[in-house]
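**Student:** The chain contents come next:
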Amino acid sequence: MDIFNILIAGIGGQGTILLGNILREYGLRSPLIKNVVGTETRGVSQREGSVSSTVRYLIDSKIYSLEQGYEIEDLVSPLIPTNDAHLIIGLEPLETLRNLKFISEKTEIIYNTHKRFPRNVLLNSELEGEYPSNAYILDILDQFARRTISMDFTELSIQYFESSIYANIISLGVSVKEFQNILHKKLILKVIKDYFPDSTKNTEAFELGFDLV
Amino acid sequence: MERSHYALDKPGKSVIMLGNEAVARGILEAGTIIGAGYPGTPSSEILKTLASMENYFPHLKLEWSINEKVGLEVAIAGSMSDVRSVACMKHVGVNVAADAFMTIAYAGARGGLVVVSADDPNLYSSQNEQDNRFYGLHGLVPVFEPSTPQEAKDMMKYAFEFSEKYETVVLFRTTTRLNHGRGNVVLGEIQKPKTEHGFDWDRERWVCLPSHSRVLRKNLLERMDIISQDVNQSHLNGLNLSEQTVNGKKIGFISAGIPYSHLKDALSYLEIEDKVSTLKLGIVYPLPRKLIIKLLKNVDKLLVIEELEPIIETLVKKIAFEEGFVGEIEIVGKDLFPQNFEFPAELVIEKVAKFTNKEFELSEIPHTELKLPPRLPVLCPGCSHRATFYAINKLEKKLKKQFINSSDIGCYTLGVYKPLEAIDAQICMGGSIGMANGFSKLYGDDQPLLAILGDSTFFHTGVPGLVNAVYNQNNMLIVILDNRSTSMTGFQDNPGTGVKITKKPGTRVIIEDLVKGCGVPEENIWLEDSNDIDKMVEKLEDAINAEGVRVFISRHICSLLEMGEFKARNITPPTYKIDKEACIGCQICYNQFGCPAINFNEKLRKASIDQSLCRGCGVCEFICPQGAIHEETQK
Numbered sequence: 000m001d002i003f004n005i006l007i008a009g010i011g012g013q014g015t016i017l018l019g020n021i022l023r024e025y026g027l028r029s030p031l032i033k034n035v036v037g038t039e040t041r042g043v044s045q046r047e048g049s050v051s052s053t054v055r056y057l058i059d060s061k062i063y064s065l066e067q068g069y070e071i072e073d074l075v076s077p078l079i080p081t082n083d084a085h086l087i088i089g090l091e092p093l094e095t096l097r098n099l100k101f102i103s104e105k106t107e108i109i110y111n112t113h114k115r116f117p118r119n120v121l122l123n124s125e126l127e128g129e130y131p132s133n134a135y136i137l138d139i140l141d142q143f144a145r146r147t148i149s150m151d152f153t154e155l156s157i158q159y160f161e162s163s164i165y166a167n168i169i170s171l172g173v174s175v176k177e178f179q180n181i182l183h184k185k186l187i188l189k190v191i192k193d194y195f196p197d198s199t200k201n202t203e204a205f206e207l208g209f210d211l212v
Numbered sequence: 000m001e002r003s004h005y006a007l008d009k010p011g012k013s014v015i016m017l018g019n020e021a022v023a024r025g026i027l028e029a030g031t032i033i034g035a036g037y038p039g040t041p042s043s044e045i046l047k048t049l050a051s052m053e054n055y056f057p058h059l060k061l062e063w064s065i066n067e068k069v070g071l072e073v074a075i076a077g078s079m080s081d082v083r084s085v086a087c088m089k090h091v092g093v094n095v096a097a098d099a100f101m102t103i104a105y106a107g108a109r110g111g112l113v114v115v116s117a118d119d120p121n122l123y124s125s126q127n128e129q130d131n132r133f134y135g136l137h138g139l140v141p142v143f144e145p146s147t148p149q150e151a152k153d154m155m156k157y158a159f160e161f162s163e164k165y166e167t168v169v170l171f172r173t174t175t176r177l178n179h180g181r182g183n184v185v186l187g188e189i190q191k192p193k194t195e196h197g198f199d200w201d202r203e204r205w206v207c208l209p210s211h212s213r214v215l216r217k218n219l220l221e222r223m224d225i226i227s228q229d230v231n232q233s234h235l236n237g238l239n240l241s242e243q244t245v246n247g248k249k250i251g252f253i254s255a256g257i258p259y260s261h262l263k264d265a266l267s268y269l270e271i272e273d274k275v276s277t278l279k280l281g282i283v284y285p286l287p288r289k290l291i292i293k294l295l296k297n298v299d300k301l302l303v304i305e306e307l308e309p310i311i312e313t314l315v316k317k318i319a320f321e322e323g324f325v326g327e328i329e330i331v332g333k334d335l336f337p338q339n340f341e342f343p344a345e346l347v348i349e350k351v352a353k354f355t356n357k358e359f360e361l362s363e364i365p366h367t368e369l370k371l372p373p374r375l376p377v378l379c380p381g382c383s384h385r386a387t388f389y390a391i392n393k394l395e396k397k398l399k400k401q402f403i404n405s406s407d408i409g410c411y412t413l414g415v416y417k418p419l420e421a422i423d424a425q426i427c428m429g430g431s432i433g434m435a436n437g438f439s440k441l442y443g444d445d446q447p448l449l450a451i452l453g454d455s456t457f458f459h460t461g462v463p464g465l466v467n468a469v470y471n472q473n474n475m476l477i478v479i480l481d482n483r484s485t486s487m488t489g490f491q492d493n494p495g496t497g498v499k500i501t502k503k504p505g506t507r508v509i510i511e512d513l514v515k516g517c518g519v520p521e522e523n524i525w526l527e528d529s530n531d532i533d534k535m536v537e538k539l540e541d542a543i544n545a546e547g548v549r550v551f552i553s554r555h556i557c558s559l560l561e562m563g564e565f566k567a568r569n570i571t572p573p574t575y576k577i578d579k580e581a582c583i584g585c586q587i588c589y590n591q592f593g594c595p596a597i598n599f600n601e602k603l604r605k606a607s608i609d610q611s612l613c614r615g616c617g618v619c620e621f622i623c624p625q626g627a628i629h630e631e632t633q634k
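From first to last, the protein sequence lines are chains A and B.
Residue 0 is where the first sequence starts when you use numbering that gives the first Met the number 0, and the numbers rise one by one after that.
Residue 0 is where the second sequence starts when you use numbering that gives the first Met the number 0, and the numbers rise one by one after that.
Check the hints yourself; a few may be wrong.
Derived SDA-like pairs (lysine to any residue); straight-line CA-CA distance at most 20 angstroms [said to hold, decoys possible]:
1) B:Lys417 with A:Leu27
2) B:Lys566 with A:Leu121
3) B:Lys357 with A:Asn82
4) A:Lys114 with B:Pro373
5) A:Lys100 with B:Asp423
6) A:Lys114 with B:Thr367
7) A:Lys114 with B:Ile608
8) B:Lys370 with A:Glu129
9) B:Lys370 with A:Phe160
10) B:Lys602 with A:Leu121
11) B:Lys566 with A:Glu161
12) B:Lys370 with A:Glu161
13) B:Lys12 with A:Leu27
14) B:Lys396 with B:Ile543
15) B:Lys417 with A:Lys105
Treat the hints as calculated values from the structure; they're not laboratory data.
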């Protein structure tokens, strides 16, 4: 079974669920992809805690249904195993580093360099740990991943749209450019158009990201 | 991508669904009429999704009940009246509903009756990670557990048939990873609900007093005997026997739910899918004894893969003992797997490899020498709870007394973290007032005792604690954080908003009237706007200094809802700015108030406000002793 694994990591409120939804809906509509599974963080972490979404494309498989008597063989876990991510969209440096175990030489990382310090770090809470520098993180990513594209997508979003909320869609644009064999621009744009009641800015943000690389 | 399309789409169509949406679709497809429950992560989206379908299927009778017990009782009445009924709740909610659950298990179901328990291994959003499969063993109720959204839908639809066939309650157990997983779901036919129904006056069944319940108890045991036989033929349980070996051994696996999906991944990863025997359980209680014996006969060693408690493992070992397999077969479960938290996918691969003596090497696991700080969730910018906590903390300092602040389950529990640290004890829903009842018996009037809880939690189980306090003269100050929403679980309405689950108007229950009706005298009731910080401090001091049972209602709409309202009305909320000249770097706004929109620059020794995060609540303007914070006139 051929599986393509995407991990989106970030902070509650950055739009990890939204990116996951768009990528899964794409998977459902794409003729290349036979089935999609995934999962997302909901609940208390959505209040600026660590969150992640997974998207797993089953490139060639049957849909599994109890009612229609299909075989169980194509059932897969919604979680991605260690070393097994093909694409990681890291919307925040610390949260990208937190998901290091999914990275291997097949992984490409779209990395937002815009730091958001956890409150517990800023307030010198007793909780241990230090916030590493971008240089330190990029060094590790370069060491283990196939390719990393790093940029301050948040700053870019503020610059173009006067709001930080489009950082996720810009990074999606970059991702699609990087994985054109699986993620087809035309269909992703159609999904974005259907997803938002008014998709003008999101389409622009996507195009901005797509043309960055 | 309107949610309601889940209701309208035709059978055969594929849709990507959240696990909970698939559960809801299954409930709809079964021709269910009654759905009730109380919101709680990870269960909340089930009834929410059903409510979005109500416009198209007016036969649906849905409600947010005030708590899980009432929710289950509503569903029980449906079942007694021969209509299919469901009660949805999170795992700890089943504890609240357990009184009803344990006895309706005796009387059983007439119309299909399904109780959804959404368990939370890993405590993503809960106070514990109890394993509610035990409720099946405890109440003698069959337990279903799906592995995928598709299965969740199909299994839910079938659960109602099963319930009616055997006249049993069905416990439909899910875990967070299923509830909040997403997958492809092929829609099925939506059955028409029964048009004829009505109560039957079978008092010997529905009046559970000792003389009746003794008979019902026997019926229950007989019913479970029959079900225990029939689960051996159920299509929900799948036994796959293999005659092949791995490293010279015939190996078997038993699993269910999400861990089964990890097992499937692991077997394909290790390329031993055809070489091992597997038993996939869709019904995790009672276990299919005959299938397990067949499996035991076919293998040299058996691994049971289940998260949390070793329930299947223990039951399988019992069967193995009774059938004389002891010493013949190695049966392993919790010796290999942890009993706490959710399993990461690679853990199952690693353990399966170990169990089968397969070579398994990950490429080097990327690591960092650094210890990474956690990112704890925080109260939102503009959250009215922060203002209330700040006022309470300020009074603590002023009165030079440390309060005992019992609190409760909700967003406001986050007030425990720095910088507020305003919560001292929290156990369960409604527990704030309950514990304060106890504290008041031990500490004199000099010790301020606060019970701090939200509006929805007050309705849920706070009210009995209040009546208890009034009756027993257990003096305390109850602070109700009324933000007009059940926010943590996704902004559900509650009696205080007077809006029903379907967004149609209901009757609003006014907290101050309810409190008065419980026997709190009018002079002991306060009602203030949480964000009016000066007045809050002044009135809270009055309340702390007053005697008897006192109730302080701190009211301000949830800032996330307020932002939504601004957006809907095309209003731009004001933003605030810190005058750099006037700021003396005292850090009160940063270190004591702690709004996430406020930052502090150590080098410049000045605070600043992040405009992209500020929601314009304006509270910081009043807490700055230098008057350095002002509304920005020009945005």
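**Student:** With a cut-off of 20 angstroms on the C-alpha distance, tell me whether lysine 114 of chain A and threonine 367 of chain B pass.
**Tutor:** 18 angstroms, holds
**Student:** Under the criterion that the straight-line Cα-Cα distance not exceed 20 angstroms, is the pair lysine 100 of chain A, aspartate 423 of chain B satisfied?
**Tutor:** 36 angstroms, violated
**Student:** Does isoleucine 608 of chain B lie within 20 angstroms of lysine 114 of chain A when you go C-alpha to C-alpha?
**Tutor:** Holds, because 16 angstroms separates the two Cα atoms, which is no more than 20 angstroms.
**Student:** Mind checking the alpha carbons of lysine 602 of chain B and leucine 121 of chain A for me, to see if they're no more than 20 angstroms apart?
**Tutor:** The hint holds at about 14 angstroms.
**Student:** Between lysine 417 of chain B and lysine 105 of chain A, is the straight-line Cα distance small enough, at 20 angstroms or below?
**Tutor:** Cα-Cα ~40 angstroms, so violated.
**Student:** Check whether the Cα positions of lysine 396 of chain B and isoleucine 543 of chain B lie no farther apart than 20 angstroms.
**Tutor:** 13 angstroms, holds
**Student:** Within 20 angstroms, alpha carbon to alpha carbon, are lysine 370 of chain B and glutamate 129 of chain A?
**Tutor:** Distance of about 7 angstroms is within 20 angstroms: holds.
**Student:** Is lysine 357 of chain B within 20 angstroms of asparagine 82 of chain A, Cα to Cα?
**Tutor:** Between lysine 357 of chain B and asparagine 82 of chain A the Cα gap is close to 18 angstroms, so the pair holds against 20 angstroms.
**Student:** Is the straight-line distance between the alpha-carbon of lysine 370 of chain B and that of phenylalanine 160 of chain A 20 angstroms or less?
**Tutor:** Judged against 20 angstroms, a Cα distance of about 36 angstroms means the pair is violated.
**Student:** What's the verdict on lysine 114 of chain A and proline 373 of chain B, does the C-alpha distance respect the 20 angstroms limit or exceed it?
**Tutor:** 14 angstroms, holds
**Student:** For the pair we were handed, lysine 417 of chain B and leucine 27 of chain A, check the Cα-Cα distance against 20 angstroms.
**Tutor:** Distance of about 43 angstroms is beyond 20 angstroms: violated.
**Student:** Check the hint pairing lysine 566 of chain B with glutamate 161 of chain A against an upper bound of 20 angstroms on the C-alpha distance.
**Tutor:** Within the cut-off at roughly 16 angstroms; holds.
Checked against the numbered hints given earlier, the structure breaks hints 1, 2, 5, 9, 12, 15 and satisfies all the rest.
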